[in-house]
Amino acid sequence: MGTDQIACWAMIVAAYLLGSIPTGLLLGKLCGVDVRREGSGNIGATNLYRTVGRWVGVMTLAGDCLKGAVPVLLASRYCSPPECAAWVGLAAFSGHVFSLFLKFRGGKGVATALGVFLVLSPLAVVCALALFVGLMLVWRYVSLGSIMAAALMPLAVVFLGGGRDLFWVTLIISLVVIVKHHENIRRLVAGTENRFKA
Numbered sequence: 001m002g003t004d005q006i007a008c009w010a011m012i013v014a015a016y017l018l019g020s021i022p023t024g025l026l027l028g029k030l031c032g033v034d035v036r037r038e039g040s041g042n043i044g045a046t047n048l049y050r051t052v053g054r055w056v057g058v059m060t061l062a063g064d065c066l067k068g069a070v071p072v073l074l075a076s077r078y079c080s081p082p083e084c085a086a087w088v089g090l091a092a093f094s095g096h097v098f099s100l101f102l103k104f105r106g107g108k109g110v111a112t113a114l115g116v117f118l119v120l121s122p123l124a125v126v127c128a129l130a131l132f133v134g135l136m137l138v139w140r141y142v143s144l145g146s147i148m149a150a151a152l153m154p155l156a157v158v159f160l161g162g163g164r165d166l167f168w169v170t171l172i173i174s175l176v177v178i179v180k181h182h183e184n185i186r187r188l189v190a191g192t193e194n195r196f197k198a
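At position 10 of the sequence shown (counting the first as 1) the number is 10 in the UniProt record's numbering, and the numbers step up by one without a gap.
Calculated directly from the structure, the hints in this document are not laboratory data. Any given hint could be a false lead.
[Said to hold, decoys possible] Computed list of lysine-lysine pairs in DSS-like fashion (alpha-carbon distance at most 30 Å, straight line): (1) K197 <-> K180; (2) K103 <-> K29; (3) K29 <-> K180; (4) K180 <-> K103.
Here the structure is a predicted model, which is why all the values come from computation and not from measurement.
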């Protein structure tokens, strides 16, 4: 194994460990709340926003996003081959969704995926965000916007000329995000999903 491969694997491990840090859980506990026992029980920004407060929700979103963006940015600059950055992104996302510190449980991964793709494919993010915002304005369901934006991402990456590794990483992340929203999908179908209130 060459030096470049060792560096890439080291970044993958580091990205997973960084992604595993449960931002929302830690911020909630600083406010005296265990978000796993409040609202939807999810440790992501939406549940923090609803149960702890607007600014804590925003801080959770920013923290989870940075967990994805920072390791990918470092890998893009310092690791070779270029494809390494995509797998580093998958590792950071996996850490958030399957956290080492939460017995391999975690959030749904939307914010961390956003951070990953802001570095790997920002134009695809613009397309997905446009769809997300449009759906939010019409129906006010964060989950619906997240699911549809995730579904769009692999198509956007292909259309914008992303490479093979980026496509597969995007497809894996998108499928995991959608599967992690299975309870939201059930509530959307039943008409009992909570709408977002600013």
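Going through the hints against the structure:
About 22 Å separates the Cα atoms of K197 and K180, which keeps this hinted pair within 30 Å; it holds. Distance check on the hinted pair: K103 and K29 sit about 18 Å apart at the alpha-carbon level, within 30 Å; holds. At most 30 Å may separate the alpha-carbon atoms for a hinted pair to count; K29 and K180 meet this at roughly 23 Å. Proximity of K180 to K103 is assessed by CA-CA distance (about 16 Å); at most 30 Å being required, the pair is judged to hold.
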